[in-house]
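Visitor: Full structure from sequences and hints, please.
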Amino acid sequence: MLLELYKVCGKKRCLEIKNLKILWERIADELGKNKVNVTPKNCLNRLKVLQRNYKKFIDNQNQTGRGHIHVAYAQEMDEIFDKKKNVHPELLLYTDAINEAPLDMEPPEVTISEGSECKIGKENKNTKKLIMKKKHTGLEKLRLDRKEYYIEKLGVEKEILSEIKKRGMLCYMNKIVF
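Residue numbers are given in UniProt numbering: position 82 of the sequence shown equals residue 82, and the series is strictly consecutive.
Keep in mind the hints are simulated off the structure, nothing from the lab. What you are looking at is a predicted structure, and each value in this text was computed from that prediction instead of being measured. Warning: the hint list may mix true and false statements.
As the list claims (entries may be wrong) - Label-pair restraints from in silico Cβ distances:
{"no.": "1", "residue 1": "G32", "residue 2": "Y73", "range": "39 to 47 Å"}
{"no.": "2", "residue 1": "L20", "residue 2": "N174", "range": "53 to 61 Å"}
{"no.": "3", "residue 1": "E140", "residue 2": "M169", "range": "38 to 46 Å"}
{"no.": "4", "residue 1": "R46", "residue 2": "K141", "range": "36 to 44 Å"}
{"no.": "5", "residue 1": "E79", "residue 2": "I164", "range": "53 to 61 Å"}
{"no.": "6", "residue 1": "Y149", "residue 2": "D82", "range": "31 to 39 Å"}
{"no.": "7", "residue 1": "K21", "residue 2": "M173", "range": "56 to 64 Å"}
Stated by the list, open to error - Within a straight-line C-alpha distance of at most 25 Å, the following computed PhoX-like cross-link-like pairs (lysine-lysine) qualify:
{"no.": "8", "residue 1": "K84", "residue 2": "K7"}
{"no.": "9", "residue 1": "K21", "residue 2": "K35"}
{"no.": "10", "residue 1": "K21", "residue 2": "K48"}
{"no.": "11", "residue 1": "K35", "residue 2": "K48"}
{"no.": "12", "residue 1": "K56", "residue 2": "K7"}
{"no.": "13", "residue 1": "K7", "residue 2": "K21"}
{"no.": "14", "residue 1": "K21", "residue 2": "K55"}
{"no.": "15", "residue 1": "K153", "residue 2": "K166"}
{"no.": "16", "residue 1": "K48", "residue 2": "K33"}
{"no.": "17", "residue 1": "K55", "residue 2": "K83"}
{"no.": "18", "residue 1": "K175", "residue 2": "K141"}
{"no.": "19", "residue 1": "K83", "residue 2": "K7"}
No residue lacks a Cβ here, since even glycine has one placed at the ideal position from N, Cα and C.
Guide: Below you can see the structure in the form of structure tokens.
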């Protein structure tokens, strides 16, 4: 009954219900009409428990070699939580690496001198870089975005600092003149 009310009231949330507190109050009132005495906080906690168990169920279904777990109201929760990102998160990191080497390429030459130094050809170094770029694309994008943000922020801070220095010099010059 809680899931049905959450499903119905959740659709009205955009138009009639402005925040979650009002949503849980309405659900508690509807349950009270059906002679189930609960508070809005009890409804919220119960739905959190159901959602947590559903997440465990989904994670277990995605793992191989595990016994099946059965969750009560699985079909109803599929309808409600199917498109939520906290239940089905977007995949950001993957381990598929493709090593694309040209077919006509000869193996790199390895030379060993008396000082026992080993030199690796340039092709091998570039291949390693290619693998790393493809392996960490999601994290690399996040890192580059953060780097650009901090570079812009540093530029703004430098401009502010130069303005403060100019104002300080003007104040200092005004004191000397007077």
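Visitor: Tell me, in ascending order, the numbers of any earlier hints that this structure violates.
Guide: When the structure is compared with the hints, numbers 1 and 18 turn out to be violated.
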